[in-house]
Amino acid sequence: MDETAATNTATDTATDLVARVENLTKSYGTERTKVDALRDVSLGIRRGEFTAIMGPSGSGKSTLMHIMAGLDSPTSGRAWLGDAEIGSMDDAELTLLRRRRVGFVFQSFNLVPTLDLEGNLLLPFELDGRRPTSREWDWIDELEHALGLADRLKHRPHELSGGQQQRVAIARALATRPELVFADEPTGNLDSRTGREVLELLRSASTKYGQSIAMVTHDPIAASYADRVVFLADGRVVEDKPRSDAATISSFMLSMEGAA
Amino acid sequence: MSAATLRPAINGASVLVAGLSAAFGVGLLQVIGVLSATIQPHSRGPQSHTVGIFLTITGWVFIIIAIYVGAIVTSNTFATIVAGRARTIALLRLLGSSARTQRRAVAREGLLAGVLGSIGGALVGTGAAAGIATIGVTVGFIPQYSYSYVSPGLILPLVAVVVTSWLASWIGSRRVLSVTPLQALGGSEELSREEVAHRPGRNRTALVLGILGLAALLLSIAVGLVTPLAVLIGVVGGVLSFTGLVLGADLIMPPTLRGVGRLFGRSAPARLASENALRHPQRSSRATIGLVIGVTLITMFGVAAASFMQMIHAAQTANPEEYRGVEQFLTGITAVFSVLIGFSGLIAAVGLVNNLSLSVLQRIRELGLLRALGFSVTQLRRMILTESAQLTFTAVLLGLVLGAFYGWVGAQSMLGSINGSPGIVFPAVPWLSVGIVVVAGAALTAIASWAPSRRATRVSPVAALAVE
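Note that the protein sequences, when read in sequence, are chains A and B. Counting from 1, one number per residue, gives the positions in the first sequence under our numbering. Counting from 1001, one number per residue, gives the positions in the second sequence under our numbering.
Chain B with its partners taken away, still in its complex shape (with noise of 0.2 angstroms):
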């Protein structure tokens, strides 16, 4: 088909999550595998093997655990393109195309963007793990080693990245199904909060999924008492209960950010600010889902890792000999992920700028009107940047929630079973990792809201107003 329309556009977004995915994946199986090859040579005893099986499986949980957020956060930014897009759309049905068509070159589109992306992703993720391991040979944190950067392992990571971007570019593009021609005609509205609540399907399936999901997580618990592979079903669990809170995200969010927007004050860009959550409710859980995902993470495994440190030293109390230097390794692994897992964060971040930024190009015509009322440029960019903080500071305390519940859940059952551990590993709070969260989110506001700010103040009254 060599139609122009249908080509498939490349979305930069997309291929920069997929490719964040990516480089996340072979990143990490790289710097496994490094540290693989430089504890077999002086393998000894049985902590070592321990330390490689968790590292083994801590491993692919991150991996799974990045290629769903990488899912969940292309399926969103699909979901905006589709919005943005709702018109053409529905010109081109005007005209006669049919919506499967269209539905499938959106499609199209994901599958480019994640080959694209795990291409690139896995030279860049190749290249830091090389970069990582250098200066870890460097400062003495590692010794010398043989590890070969090309093996075969590492098509798993890329495939379920490609395969999870078409799929994702799929969900998200559902939406265009609802398109109708007549949309053409006028102007096209997302679907009030009325209608989200009588979705009665899709509600379901996220209260099973959430059900599930939880069922999961505490049968983690229990059988983390007796074997660490528990938190493969702590992963299942927490992939289900997330699933269902991203679908039933358009429920949840808006009265969460409405509660949230009360704290910004009466004046009026705050009360519109704060309006605006809930005229568009898919708008609004689509930038935010994004951030949740992102602080859910990292909280998630500062909490873990918190827990993890929490315990060996308990376990080194009890056993100081076989615990000997782990200590040391561990730290070292911790500042590893938690450099990787900042990606998520990323991720994240480039989700949010960009639905916000879409979200004020869509509504360059109310900014219009608004300045046409009276609105001072001041007051329009406080409307903006109390909107952006709206959302960052409810995904970030949704986020720590989440987290802290995960991560605790994660580190119960991968380490409950462990010699010497005390039965039940208590959360602990890693104060750095939030106080970092906090602090990107608050700096995420200020850069998600300049642009879009810029822009909206930039266009004149009469300009915003004539925009079909």
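Pulled out of the complex, with its shape left as it was, chain A reads as follows (with noise of 0.2 angstroms):
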């Protein structure tokens, strides 16, 4: 493929879309035991929008995440954060990628345990060597209290419920005002109730802030949260929906199972 043509469509479809990868493929293995993991898998997350990548275990949508996240490196075909491609980037550019262009929230929450509530929060700024701006403490300020940590600032996460663990780990994610937000079964560790308050905060991270976010589930109920839904199933996209219920999602996964 043509280097410039490339990477001039990507400028031009940037706009509006915040991430995106081409004909990606990843297998594992040698030829003999190879698994495709993901099959020519071309998509774009919009900017601005809560994405839910949706697809039953073993359906690849791990290895998607990791691959738009920077964090596995594709067979082929190639991958953009804005206009950048990642798959050109060397280690220290997808540390600073990491550090200040994506957040991630995760299933194990993966907070630091010798830190304080407010240790983890302030920990991307510090990984980068520097304290927030006073529009960032602002920020800050606003999550702490839209998340309801403010009192618990001085709490160590084994103090705090799964839940509150959460948030923290949604708070340090939105701190930095990444251009996207990775969720990895944000949910997963959660009983349903605390769930979905969880992902309330994500949907309002989406509309209020215009948080771009793309998460991985294969939780019905936590994708009906979503803007958009796509399904994956055996490493290739099989559906692209708008927002829609849980029921809806969950008889489309059902449908996909009984094709299979």
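Simulated from the structure, these hints should not be mistaken for lab results. Heads up, a few of these hints could be off.
[Stated by the list, open to error] Which residues of chain B face chain A? A few of them, derived with a C-beta cut under 8 angstroms, are: (1) Thr1088; (2) Leu1091; (3) Leu1092; (4) Leu1094; (5) Leu1095; (6) Gly1096; (7) Ser1097; (8) Ser1098; (9) Pro1181; (10) Leu1182; (11) Ala1184.
Even glycine gets a Cβ: it sits at the ideal position worked out from N, Cα and C.
Could you fit the two chains together into a complex? Lean on the hints.
Structure below.
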């Protein structure tokens, strides 16, 4: 493929796409034991939207997220964040990308146990070797209040409930106002009520602040909070739906199972 | 950088190791200083001079060895720390910390440990030397003396300890570079045996160092027939060949451990304990190599001293005039050195206990699984004890063999040229040292497995399986 032509199309579409992948393939194992996690996936994540990437286990959704976030490299195909191609970045550039341009929320919260809540929130700035600017402090204050964390800033993660820990993780991911937040089964370790609260928070981060979010999940209820639901099966994108309720998503999932 | 995560945490084990090395170095210099002060006033005749030279050479040989051992144990400790912290490091990498920043943070911990340890060690070493000297004067073994315990020469071992702790933590933290951000999302695995075997660069270096070291050792034996300074070549050979062994430990230890493991029977706990050694070659090598060093040192010194005594006896028979009184003096020195060398055993023991508890901690989930599958508390405890026994037994065996060899080379290269010596010094086996090592090894097995097995058996299977 012509290098400059590809870059041009990337900038053309970059206005409304915060991230995109083109003809992405990822295989594991040797020639004889080869497993394809992704087969020729092309997908764009729209700016300001809350996108759910849905699929049963083994559908390749986590692999897709890892590649989009620059954590893993594809066997073939290309991935962009904004207009920067991730595949051509070296480790130092990827480090900066993770530090400044993307945020992460995980199933297992992943807070640093030795730091209190505020320390965890400020971690991305500290790793950048700077203090937050006054505008960023205002934003952090706002996040702390909106997420109900303001009175727990000196608590350590183990003193917080799972739901609270996940809210800290969300606040940490939003603190640097990254271009895109990746959420990997963010409700997987939470009870259903706390899980719904967390999903509400993610949705309002998108509607209120225009935060772009890509969430990987296999839970139809979680996916029903998103503006858009992309379905993956056997490493391929099989469906791309606008916001749908959990029942519709469930029945589509079941029909996929039936077809397979 | 005010970052709380990047602030160096003080690691008790590494401070202790640095402290012991510093205490050893300073203590030895002080003891030599005191002894020289007691010899000089009535120094007459060539034998005092010869003894003085031997004393200084031996002293420095041991200081170099102590610092070298400290460095290896420290880099081992830091490798273990990094392995235990892989997940946190991965998380910080994921959030945008560079691998270099993370590694520098670990190295800062090493520097801090070195500084704290060497200050504490200097005090302890001086105190110990003063204590030994006071006892020596009281029992009349050495005469009254005047000696200042503060001398600029002491800076040397202290600086060496700080620098080596720093370097060792840098080397030990090499693994930080291989931690990927993706590991924060899944379990972190250590290298498998196949991957270890496929690190040609490191393995080749190990082989080259081993061969060079062996060549230097042989050279020191030959040169030793002419001058006692040959022992310095021997030290270089010893350091090179042992570094080769440490680098290649990931390859050498697992098969040795497997062989030893067979001796413990075929019961499920024994088999699992034995397999554990092979599943994580790096972890088991780290745990054993420190002890191998300790046992090697003790044995080496024992063999060298016994050979020394044997040779002095021979020289005495040939030249009774010149060597009168030397034997009694040497017995005293041997006793003092034996106490000091015991420190290296202590360093090794700290390392092993530390390693085993960390390795059990890292496996809490797996131990929970065994409990869920129906392992009784007794079986679990037996498994951990067997694992510990396998590690100590292997280390003691290897250490005895290596120590006997190094000790003989040391004695031969230093004493081969001495007046009236037989030319070839026959290795003498110090049965007392060997006995102490074996008993201490058995005790260490029990101690090292006690805390981890207590911890492992107290965790309920459900709680253990829930651990992330």
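Do the hints match the structure? See the list:
The criterion of a C-beta within 8 angstroms of any C-beta in chain A is met by threonine 1088 of chain B, whose closest approach is roughly 6 angstroms, and the hint holds. At about 5 angstroms, the closest approach between the beta carbon of leucine 1091 of chain B and any beta carbon in chain A falls short of 8 angstroms, and the interface hint on this residue holds. The interface hint given for leucine 1092 of chain B is met, as the beta carbon of that residue sits about 7 angstroms from the closest beta carbon of chain A, less than 8 angstroms. Proximity of leucine 1094 of chain B to chain A holds as hinted, the smallest CB-CB distance being about 6 angstroms (cut-off 8 angstroms).
Checking leucine 1095 of chain B against chain A by beta carbon gives a least distance of about 6 angstroms; that is within 8 angstroms, so the hint holds. Using the Cβ-Cβ criterion of 8 angstroms, the hint placing glycine 1096 of chain B at the interface with chain A is satisfied: the shortest such distance is roughly 2 angstroms. Hint status for serine 1097 of chain B: holds, given a least beta-carbon distance of 4 angstroms to chain A, under 8 angstroms. Look at serine 1098 of chain B: its Cβ gets to within about 5 angstroms of chain A, closer than 8 angstroms, so that hint holds up.
Interface hint at proline 1181 of chain B: satisfied, since its Cβ lies 5 angstroms from the closest Cβ of chain A, which is below the 8 angstroms cut-off. A least Cβ separation of about 5 angstroms between leucine 1182 of chain B and chain A falls short of the 8 angstroms threshold, and the interface hint therefore holds. Because the beta carbon of alanine 1184 of chain B sits about 6 angstroms from the nearest beta carbon in chain A, less than 8 angstroms, this interface hint is met.
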